[in-house]
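Read top to bottom, the protein sequences are chains W and G.
Once you know that position 13 of the first sequence is 13 in the numbering used here, the rest is easy, because the numbers rise by one and skip nothing.
Once you know that position 21 of the second sequence is 21 in the numbering used here, the rest is easy, because the numbers rise by one and skip nothing.
Simulated from the structure, these hints should not be mistaken for lab results.
Any given hint might turn out to be false.
[Claimed, not checked] Keeping only pairs whose Cα atoms sit at most 25 Å apart, straight-line, the calculated DMTMM-like set for lysine to aspartate or glutamate is:
#, chain 1, residue 1, chain 2, residue 2
1, W, 36, G, 15
2, G, 54, W, 56
3, G, 102, W, 56
4, W, 40, G, 81
5, W, 41, G, 81
6, G, 54, W, 102
7, G, 105, W, 44
8, W, 22, W, 52
9, G, 102, W, 52
10, W, 36, G, 10
11, W, 41, G, 91
12, W, 41, G, 15
[Claimed, not checked] Simulated DEER-style distance windows between Cβ atoms:
#, chain 1, residue 1, chain 2, residue 2, range
13, G, 15, W, 16, 45 to 51 Å
14, W, 54, G, 28, 21 to 27 Å
15, G, 76, W, 16, 35 to 41 Å
16, G, 57, W, 79, 44 to 50 Å
Yeah, the Cβ is synthetic: ideal placement off N, Cα and C, and Gly gets one too.
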Amino acid sequence: ETGVTQTPRHLVMGMTNKKSLKCEQHLGHNAMYWYKQSAKKPLELMFVYSLEERVENNSVPSRFSPECPNSSHLFLHLHTLQPEDSALYLCASSQVLGGSYEQYFGPGTRLTVT
Amino acid sequence: GIQVEQSPPDLILQEGANSTLRCNFSDSVNNLQWFHQNPWGQLINLFYIPSGTKQNGRLSATTVATERYSLLYISSSQTTDSGVYFCAVGDGAGSYQLTFGKGTKLSVIP
């Protein structure tokens with residue numbers, strides 16, 4: 001248990017569905033991250049929120065829409081996904097601005113798009 | 001951006017053997033982490049080690065920041081050590097993001 005939780009753990013959705021992934025951190029951190037891990041590829045950063053402001057958006061398609069309502073919660077809203085979006089989506093959190101920057105990861109949501 | 005290379009890509013060990021995993025990076029870093037990813041996908045923090053040496057049980061790590069590499073040592077390996085080991089670095093520029101290597105897949109056989 002890392003102090004970062006993610007729900008759901010598994011998700012199967014059709015290309016026309018809309019779903020949301022949820023992440024919650026209980027570590028008192030002030031930055032949260034979404035990463036994507038596809039088969040045979042390194043983990044890649046999707047979004048970063050620092051102090052509840054989005055500070056990074058790594059050329060992610062608009063069918064992925066993040067939301068950070070407060071420093072403890074992070075969402076990833078999904079709509080009209082493609083089969084190639086099937087992957088493990090990992091959330092992480094860390095302390096920034098005077099912290100150690102060490103990131104802690106949740107268990108991930110394994111997404112399958114049919 | 002910063003480049004991260006891990007070696008070897010695959011490693012098979014007999015239970016009880018020792019191993020060294022290497023991580024090379026292309027620029028100065030203010031964050032370097034080693035993770036173990038279990039079969040269910042969970043990334044487990046092993047070390048936060050932007051410089052220096054740390055030990056935790058059978059695992060230890062050393063980062064030589066001036067020469068831009070880090071080593072993870074696993075001694076007396078056990079079957080539960082199997083999985084993928086990732087090195088990830090951050091250069092502190094702007095977003096605090098981590099850049100991951102491709103990982104070393106370790107298989108420990110009885």
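So, going through the hints one by one against the coordinates:
no.	hint	in the structure
1	W:36 to G:15	violated (32 Å)
2	G:54 to W:56	violated (31 Å)
3	G:102 to W:56	holds (22 Å)
4	W:40 to G:81	holds (21 Å)
5	W:41 to G:81	holds (22 Å)
6	G:54 to W:102	holds (15 Å)
7	G:105 to W:44	holds (18 Å)
8	W:22 to W:52	holds (15 Å)
9	G:102 to W:52	violated (30 Å)
10	W:36 to G:10	holds (22 Å)
11	W:41 to G:91	holds (21 Å)
12	W:41 to G:15	violated (28 Å)
13	G:15 to W:16: 45 to 51 Å	holds (49 Å)
14	W:54 to G:28: 21 to 27 Å	holds (26 Å)
15	G:76 to W:16: 35 to 41 Å	violated (52 Å)
16	G:57 to W:79: 44 to 50 Å	holds (45 Å)
Comparing the model with each earlier hint shows violations of hints 1, 2, 9, 12, 15; every other hint is respected.
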